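Chains as they are written, first to last, in the working numbering: chain Y, 7 to 281; chain U, 1230 to 1536.
Hints in this document: simulated from the structure, not taken from any laboratory. It should be emphasised that the depicted structure is a prediction, and the values quoted were computed from it without experimental measurement. Be a bit skeptical, because a hint or two may be false.
[Claimed, not checked] Here are the computed distance ranges between Cβ atoms for each label pair:
hint	chain 1	residue 1	chain 2	residue 2	range
1	U	T1250	Y	V222	52 to 62 Å
2	U	M1230	Y	A267	51 to 61 Å
3	U	T1250	Y	S206	43 to 53 Å
4	U	A1295	Y	A270	16 to 26 Å
5	U	A1295	Y	V222	38 to 48 Å
Cβ coordinates follow ideal geometry from the N, Cα and C atoms, glycine included.
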Amino acid sequence: MSTLTEPRHQPAAAAAPRIAQPVNFVRTVTSEWIKFRTLRSSWLVLLAAVVGVIVIGQLIGYNTGKSFSHLAPEDAAPSGVMQGYFLGQLLIGVLGVLFVTGEYATGMIRSTATAVPRRLPVLAAKALVYGLVAVVTMVPTCIVTFLGAMAFRSHYGHGSSLGDPGNLRVVIGTGVYLALIGLLGGAIGWIVRNTAGGISTLVGLILVLPVLFEVVPGTWAKSVSKFFPSNAGSSFVSTVHAADTLTPWTGLVVLVAWVVAAIALAAVLLKRRDV
Amino acid sequence: MIEARGLTKKYGEKTAVDDVTFTIRPGIVTGFLGPNGAGKSTTMRMIVGLDAPTTGTVTVNGRPFAEHASPLHEVGVLLEARAVHTGRSAENHLLAMAATAGISRRRVQEVIELVGLQDVARKRVGAFSLGMGQRLGIAAALLGDPQTIMLDEPVNGLDPEGVRWVRHLLRGLADEGRTVFVSSHLMSEMALTADHLIVVGRGRLIRDMSVSDFIASASTESVRVRSPQATELRELLLGKGAKVSSSARNELDVVGLTTDEIGTTAAESQLTLYELSPVQASLEEAFMELTGESVEYRSHTVEESAA
Ligand SMILES: Nc1ncnc2c1ncn2[C@@H]1O[C@H](COP(=O)(O)OP(=O)(O)OP(=O)(O)O)[C@@H](O)[C@H]1O
Ligand SMILES: [Mg+2]
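One chain only, chain Y, in its complex shape:
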């Protein structure tokens, strides 16, 4: 193969430095970061997730501290105060969907795909940018939630510290769980390419389907249900281990497998379909 570069027929530009450089992954990531931070909706939804998880955590901390002796085990456990993540996962998941489907809804994807016509770097860059944003905002949010809620509980003598067994895993894990759901949302966005469809699919997968399987009679349904992303995730972010659920680290592995599989499917479709 020849590695010679062809001469360009552009006399004026020959002396001047080139205006455009080759596309690479770092530049693609930079572009995606600009895209993320220049949409007001990104910050509004993130803010809602941060505030939602923290406020719900403080309410739980206060209430469960006050009536500690009447609580079910999973509410009494230290991980009980992290349950604001139910709201958080919806917001972070939906924002993940929107980060992708917003491009399809507005036609931006056509500009994106002409700027980076290999396409897969865009998928990877979006996942990296959004994954990092979610981890960087949600892990501190979860730490603040825990410390604040435990301050309420301590007031009633039922506090627990970050250093107690399992707590650090749960607190940091909740932040990581939220980021993984965000990535799952993004992958669904690439697959479905439509905001309403993407959000419905995500909600169906993480909220509706597990509940449907709960009410199906027979044990097989329960043994399948524990492998759903949200159930696997909740095994990971809980300090109590209920029967019929996965162990924490198996839960994490299963959740990551979901995300990886969804991204792989998204990549295949992105490469194969017309924009």
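Start from chain Y and add chain U with the ligands according to the hints.
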């Protein structure tokens, strides 16, 4: 340089582009002309790899578009469909595009000024008028100082000043040695802007020729004659091999003879002429004639649809 070879695109049963082969050369403006649904936009999407051809190939500057290291520097493209996130400002849109190719903030400002959007660059694109959106699209196309510029109906929504500006811009880019490929429905616009024409209809290539050849070949000249003795004159002209039709009493439309020949013929038989004037078919009519059979979405007059 854009080279399409046997380019075909099917959407299910529908063949949008049908075995099209052409070469778009640098240094000139090439117009891409055809009625609605002819396959212009589809062809352009295939050129930049948004749609994959069903069969055939298309290369830009010698390679498939996606294989270029710096795509924005190879082809600047304005697509027909909107391609900007409405929630972002024009400036941020361009900055995000620029980032993929390491293009400086200064260059972004430069193209914003070039298209005249400096006053609204920080406004949300969602609030833009059609013309402002087109200008932003043109700015994005020019961002990477591309060797090839491809614009799908760039004057759509532009005011007369904007139309003139685009015309000059395209000419200037071609004069710098770049490849310029512009689509349009309007033959008259292309006659002013383009040097070369690619005409398509129903996905097929109909013509690939220079604008001057097109104008020369396509415009059939006729002569309008008014005479109180039109019936007699008609016989004489038919005898000389002309084609004669009549659209009003005492009025003839003659094809195949010059005004001189018709005048002489009339004088020889002492026939009175009130009018003798050459009529040039407009470019638009020539274009319609050319693509007449390949018009897919025809509008009907009231009587036609009533019948
Ligand atoms: N994604 C698609 N799916 C199905 N059919 C399509 C698609 N894109 C285009 N077509 C069809 O292909 C044909 C060519 O469309 P195209 O938009 O390329 O025409 P055009 O020459 O750009 O028309 P116009 O002048 O109206 O812009 C049309 O009949 C259109 O309906
Ligand atoms: Mg079109």
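Original post:
Should the hint that M1230(U) and A267(Y) are 51 to 61 Å apart at their CB atoms be regarded as holding?
Top reply: violated, 43 Å
Original post:
Given a hinted range of 43 to 53 Å, is it respected by the beta-carbon distance of T1250(U) and S206(Y)?
Top reply: holds, 45 Å
Original post:
Has the hinted range 16 to 26 Å been met by the Cβ atoms of A1295(U) and A270(Y)?
Top reply: holds, 21 Å
Subject >> Beta-carbon spacing of T1250(U) to V222(Y) - inside the hinted bounds 52 to 62 Å or not >> reply: With a Cβ separation near 59 Å, T1250(U) and V222(Y) satisfy 52 to 62 Å, so the hint holds.
Subject >> Assessment of proposed distance window 38 to 48 Å (beta carbons of A1295(U), V222(Y)) >> reply: Once the Cβ atoms are compared, 47 Å apart, the range 38 to 48 Å for V222(Y) and A1295(U) holds.
The earlier numbered hint that this structure contradicts is number 2, and it is the only one.
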